[in-house]
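J.: The residues making up each chain are set out below.
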Amino acid sequence: MSDFRRDVHRALDPLARPVLGLHSRSMAAVRAKSVEGVERRSRFGWVAGAAALLLALAVVGVFQLKNGALLGHTPAHPRVDAGVWSEDLTLTGDVRAHVTSTVANQGPVASSCTGKTSEAVGKYSLTLTISTNDGVWQFNVFVDPYQGPGTYTISADNPNSPRALIVDPARTTGWHSGPGDAVVFTVDPTAEAGTVSATMSVPYSPVASTTPETISGTWSCRTSQ
Amino acid sequence: MAARSTVRSSELPRVMAPSRGSNLVGLAKAGDNTAFEALLEPLITPGYRLALGLLHDHNAAEDAVQDAAVRAWRKIGNLREGSEMRPWFLGIVARQCRSAQRSRWWAVVKLPDLVSRAGSADEEVIRGADLRNALLKLRHEDRLALVLFYYLDLPMDEVAAACGSSRAGAKKRIQRSVHRLRPNLQVEEGTGR
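So the sequences go chain by chain: A and B. Each residue of the first sequence is one higher than the one before, counting from 1 in my numbering. Each residue of the second sequence is one higher than the one before, counting from 226 in my numbering.
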């Protein structure tokens with residue numbers, strides 16, 4: 001490090017304080033703005049909405065007439081189910097639990113999965129909001145690239161996929177997979193269920209313990225098995 | 226069926242590093258909060274350090290990062306394919322800091338506090354305070370380039386991207402700014418991660 005670089009660090013470092021929770025506060029602000037945006041859009045009025053809907057229907061109708069058939073539905077957004085999903089997951093580590101279902105969605109704290117649309121997008125994202133004796137947690141698995149139903153484990157070509165993460169909804173503590181961790185994620189032919197076995201040894205924040213968290217069992221993102 | 230052999234040779238933060246992060250951008254653009262969160266997480270600390278380097282105030286720096294996060298969420302659709310997330314987000318932080326500075330005329334008044342806040346006559350503390358004062362006297366753009374290069378240790382390419390200038394332009398700006406602070410100092414070329 002050059003003298004000047006060191007001097008800059010020495011000059012500015014004393015101003016710094018711990019930024020614990022800044023990420024969660026920032027994300028909370030983001031979520032609040034997202035909801036605000038939705039509410040603002042909803043206040044825009046049903047007349048504008050109805051007009052837009054009619055226009056959209058007309059465009060779709062013309063498009064279908066031109067193509068002579070219905071097109072496959074490939075929404076860009078992850079699917080979020082209003083109900084609860086059936087799970088059979090066992091957690092060990094600081095959070096110990098056997099989970100049989102997700103919890104009902106509460107605003108931005110929601111379960112979601114990209115499900116059948118994942119193959120077209122090339123990515124699979126699953127978020128399960130679960131309740132344990134240690135509170136509510138969000139477990140996330142992200143697979144990229146995703147090539148369809150099958151088994152995904154970390155590989156030399158793509159050492160970051162699948163990625164597993166478990167955090168509390170406020171994002172103050174949790175664990176994620178890291179070097180040396182085994183993550184195996186399977187997706188069955190429905191693309192809405194499968195198995196998972198993951199070790200998450202990296203603390204998500206300084207307040208998380210260094211005890212690795214593990215999760216294993218079957219998962220689903222549909223209301224009934 | 227896509228099978229993958231098990232190898233463990235990575236660290237998760239790389240998931241969210243710029244090159245890998247570009248894979249999450251699509252999901253974030255589609256409204257996936259988790260993907261956006263994953264993209265944002267590794268950028269919070271650099272964003273805070275940049276804001277601190279520009280504003281010299283912890284609370285203001287935190288506010289700037291938080292506001293930048295919201296702005297980034299709103300503008301994620303503008304992030305071009307192949308563009309790196311880190312300089313893009315740091316550019317947003319820098320603009321937030323500039324806005325904050327415009328409404329913080331009192332920052333100049335508070336400068337002398339920095340020395341007394343240190344509470345010591347130690348030479349290093351004084352030198353640090355002098356350098357902070359000198360940095361604050363630079364123009365926003367010049368201070369931005371210096372902080373990115375010398376405090377965040379970013380490579381010149383990312384400094385240029387965050388400043389919205391060419392690589393040569395960023396280097397020239399750093400050179401000029403450094404000369405104002407240390408006339409005999411040469412700008413290093415190879416740095417950053």
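Hints listed in this document are in silico derivations from the structure and should not be mistaken for laboratory results. Keep in mind that the hints are not guaranteed to be accurate.
In silico lysine-lysine, DSBU-like type, Cα no more than 30 Å apart, as pairs [claimed, not checked]:
1) B/Lys396 / B/Lys362
2) B/Lys300 / A/Lys116
3) A/Lys116 / B/Lys254
4) B/Lys254 / B/Lys300
5) B/Lys396 / B/Lys300
6) B/Lys397 / B/Lys362
Owing to the predicted nature of the structure, the values given are computational and were not obtained by experimental measurement.
J.: Given the hint that lysine 397 of chain B pairs with lysine 362 of chain B, test it: the Cα-Cα distance must not exceed 30 Å.
T.: 18 Å, holds
J.: CA of lysine 396 of chain B to CA of lysine 362 of chain B, is that 30 Å or under?
T.: Status holds; Cα separation ~20 Å.
J.: For the pair supplied as a hint, lysine 116 of chain A and lysine 254 of chain B, is the alpha-carbon distance within the 30 Å limit?
T.: OK: lysine 116 of chain A and lysine 254 of chain B at ~19 Å, within 30 Å.
J.: Does lysine 300 of chain B lie within 30 Å of lysine 396 of chain B when you go C-alpha to C-alpha?
T.: 28 Å, holds
J.: Starting from lysine 254 of chain B, check that the Cα of lysine 300 of chain B is at most 30 Å away, please.
T.: Roughly 9 Å between the alpha carbons, so the hint for lysine 254 of chain B and lysine 300 of chain B holds.
J.: Within 30 Å, alpha carbon to alpha carbon, are lysine 300 of chain B and lysine 116 of chain A?
T.: 28 Å, holds
Violated hints are absent here; each numbered hint is respected by the structure.
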